[in-house]
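Peer 1: Each chain is listed here by its residues.
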Amino acid sequence: MIAETGHYALVLALALALIQSLVPMIGAKLRDPALMNVARSTAVAQLLFVGASFVALVLVHVGSDFSVANVFENSHSQKPLLYKITGVWGNHEGSMLLWVAILALFGGLVAIFGSNLPLSLRAHVLAVQGWIATAFYLFILLTSNPFLRLAEVPVEGRDLNPILQDIGLAIHPPMLYLGYVGFSISFSFAVAALIEGRVDAAWARWVRPWTLMAWVFLTLGIAMGSYWAYYELGWGGWWFWDPVENASLMPWLAGTALLHSALVMEKRNALKIWTILLSILTFSLSLLGTFLVRSGVLTSVHAFATDPSRGVFILLILCLFIGGSLTLYAWRASSLKQGGLFAPISREGSLVLNNLFLTTACATVFVGTLYPLALEVLTGDKISVGAPFFNLTFGPLCVPLLLAMPFGPLLAWKRGDLLGAAQRLIAAGLLALFAVALLWAFVHGGSTLAPLAIGLAVFVIVGALVDLVERIALFRVPLGISWRRARGLPRAAWGTAFAHAGIGVALIGIVCESTWNSEYIATMKPNDSAMVGGYEFKLNGLSQRQGPNYREVFASFSVSQQGAVLGTLTPSKRSFATRGMSTSEAALMTRGVSQLYVSLGDLRADGAVAVRIYHKPWVLLIWYGPLLMAFGGLLSLSDRRLRVGAPKPAKAARALQAAE
Amino acid sequence: MTLWFVFATMTIAAVFAVVWPLGRRGQPLREGNEVVVYKDQLAELERDAAVGLIGASEAEAAKVEIGRRLLAAAEAGQNAATMTGRTGLRRAVAILGLLGVPALSVAVYLQLGSPQIAGAPMSARPQTASAAEPIESLIAKVEAHLEKNPTDARGWNVLAPVLMRLRRYDDAARAYRNIITYGTDSAERRADLGEALTAAAGGVITADAKAEFERALALDANDAKARYFTGLAAEQDGRNADAAAIWRAMLDKAPEDAVWRPTVQAALARVSGGGQPALDANKDLSPAERNAMIQGMVERLATRLKQNGDDVEGWLRLLRAYMVLGERDKAQTALAEARQALAGNAERLKQLDAGLKSLGLDG
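Here the protein sequences come in this chain order: D and Y.
According to the working numbering, the first sequence is numbered sequentially starting from 73.
According to the working numbering, the second sequence is numbered sequentially starting from 112.
Source of the hints: derived by calculation from the structure; they are not laboratory data.
The structure displayed is predicted, hence computed values, not measured ones.
Misleading hints may appear alongside valid ones.
Distance condition first, Cα-Cα at most 30 Å in a straight line; then the derived DSSO-like pairs of lysine-lysine [said to hold, decoys possible]:
| id | chain 1 | residue 1 | chain 2 | residue 2 |
| --- | --- | --- | --- | --- |
| 1 | Y | Lys468 | Y | Lys441 |
| 2 | Y | Lys468 | D | Lys610 |
| 3 | Y | Lys150 | D | Lys409 |
| 4 | D | Lys597 | D | Lys610 |
Given only the sequences and the hints, what does the whole structure look like? Please build it.
Peer 2: And the structure:
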């Protein structure tokens, strides 16, 4: 009953999406407000139905209703409740349902909060959302239906992939999808603008909060995915330049470029056509990510069931939307009015520089990801493009980008003063040099480039703060005035500073972790001890215990530093009988922003166990950085100015007029 | 019945969502436009100029620029084609909503949905699974007991074969090791341990496993399991002749009714060019003779399965053979027999069904 209701709700959502893709377009063409408003009510109704469908799937998973094939294949009655819920999107069908649910959520949000948009623009945006939704509803219903039933109810389910039985599954995919799918709104705005043949500064302002929201979620999603891989996969790596990771990095780079170029468009009415193209490309890269992960082209934790018919279907959707939107772009872009010209040394000039570097970086990731796949298809040769390629291409591109970053916010619009900006950044530069000198003097080992990279990071962080200091005139005026200035500063300015500083913070973490991390891999017997990074690890012993749906062997290590016991770490190996798989659960101890990391390898016959022990200095900064960036994004999002144009109650407007 | 009532309610809600905006007339239109944005930009420009984020002359120029945009937007707003209501078209859309939405939804749903299957959440299901569950909980109990008393060799003796059958090979290996440590060291247990290690390694005889088999043979040179696996080790090392010699020696001395005989025979046939190569060796037979030979092999397989039907792979091989020989009827009969022989074992039946898919035989 619940499953069938969910199934029918999904079918109704498809019917509504079809109406939403068609009727508002006609309405906008004929300027009929009622027809255009159909977009709004259908978008909201679609959200309700897809939401109901998703809730139904959650309910059958929680109730272990194995008459639903999807539940049988991915759940187990003994699984803890949290994983019964998160298991809903821990498989292909369910995650696609989450995908369309989030798509409907964004459509619904535009319908509900988009009353500051011109009617025809909103109708067009929602119609384009309707097209995307239709395509994905069809994909789900025809090739990946989570509501298919089994006539004979199996006694027990096949359980969820043990690697996914983790709190990370509750956070990483929803965040990532909010990011990926959020960019569909900027895509819809871009296509709507092309259809209407009209783009202006106001368009950029309307689309910016949506882009920013998507960017914030994508940032968090990628960071969370990286941290999850770090602690779950058991070898302490946090980024592997794996195609699946690159698939999420590409939309992030393009989306970051989009955020900045939309700023130029908003302020200066320039870069319009480029911004439209970036909007299209960003969402196209999100779709490409979906295709790579879901078609079976790649094998990884993310590639669930691989089925060629799904791959072909997604490829079709991909060609339709990317090809269609780019064709529309080629056809209509020339008819859009070009914006003004501007001086190279100016805020807008620096943003163009930012766009150049970000898109080039995105292109290198694109090549590094797709070239091996294309080569394999064409010649059958398997090559592996890994970290060395990206370190040699992506790395050098980041250096000038980061060097230039602090200058951007210090340059004025229209005509900037590079020398003035440089003078104001002297403090940041000196601090950076000081950091480099300190590191060279006192830290030994590791690459000679590492101190330089840290210096760069310090420059970025202090540079971001310099902007704030300058704006509130700290130290130049009494503190009270500075404080008032700080409070009066637009939140977007704070957001910029936090986001830029976040990059520097992450860079410090990356450099420290990869340069000064110490590891110890050996076989240890009970009562053996090892020294890693100045900490002593003593293996107390191994024992076993029964979890809800697994058995685990766990080791107990006492950690001490210079004789003082800091605590115990209990890494474990879990074996899941249903799938016959085992996972390694690393144990972590946080010391400041550094971490101690112990994971177990194979157990040996004589009671010894293979262990990996790592000391990872400052590793947490890698994820604090993105958190800071996302926080900056949220601050910027909360800026009053982005909401300007929101509907003011008619009464208030009249009252204002009366007062004048 | 409730289900269809729920569907009907949902459909009505969906239709309502389409029709509702069409019926609203004379409502004042709330529409955003660019003017608000540009006015705000002017205010922002003044703020920026006040803190020196933009030079005075540039600010003046920008103000003119935004002002121009503001004027254009305001003008466009006035000149914009007035909204027109098209009653005919609205009616058409209303009809599309009223008829199209239910028609499409029902058509698609009836194709894909299974309204006849009732939901079966765990709470509503009779606990028929109880046959399987006590075993699991029993094992858990034994394991808990053994964790507290790891020196109870008899307990390990009970548990080890069960763990093997549950395919928890690593645990089984540990159990056998405990039997040897705390109980008696015997050739059988050493061989069992080796087997568990081999199974844990996915069928590869590791150095550890090999050492165990050697210890077993040191204790009892005639231990069948250890000898068989020593042969397998030789085969995995590529020493087929050695493997064949070991197995041949085993078969020579083996009693006629030894349970392991067929396994060793099959292995011997494999290394000494049985199976496919056996056919090649008879290349100079006439087609008729060859057919007769194949028929004979198939019949032998059929007879064996009649006696011992608990072999899914065997049944599938037989079915495949019948299909290749074009004897569809025999295949159907054999399939019925297979189902009978495997009835009562849901897991095997499932394996059989999975195998059937590739045969194109309608199960």
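Peer 1: Identify every previously stated hint that the structure contradicts and give their numbers, smallest first.
Peer 2: 2
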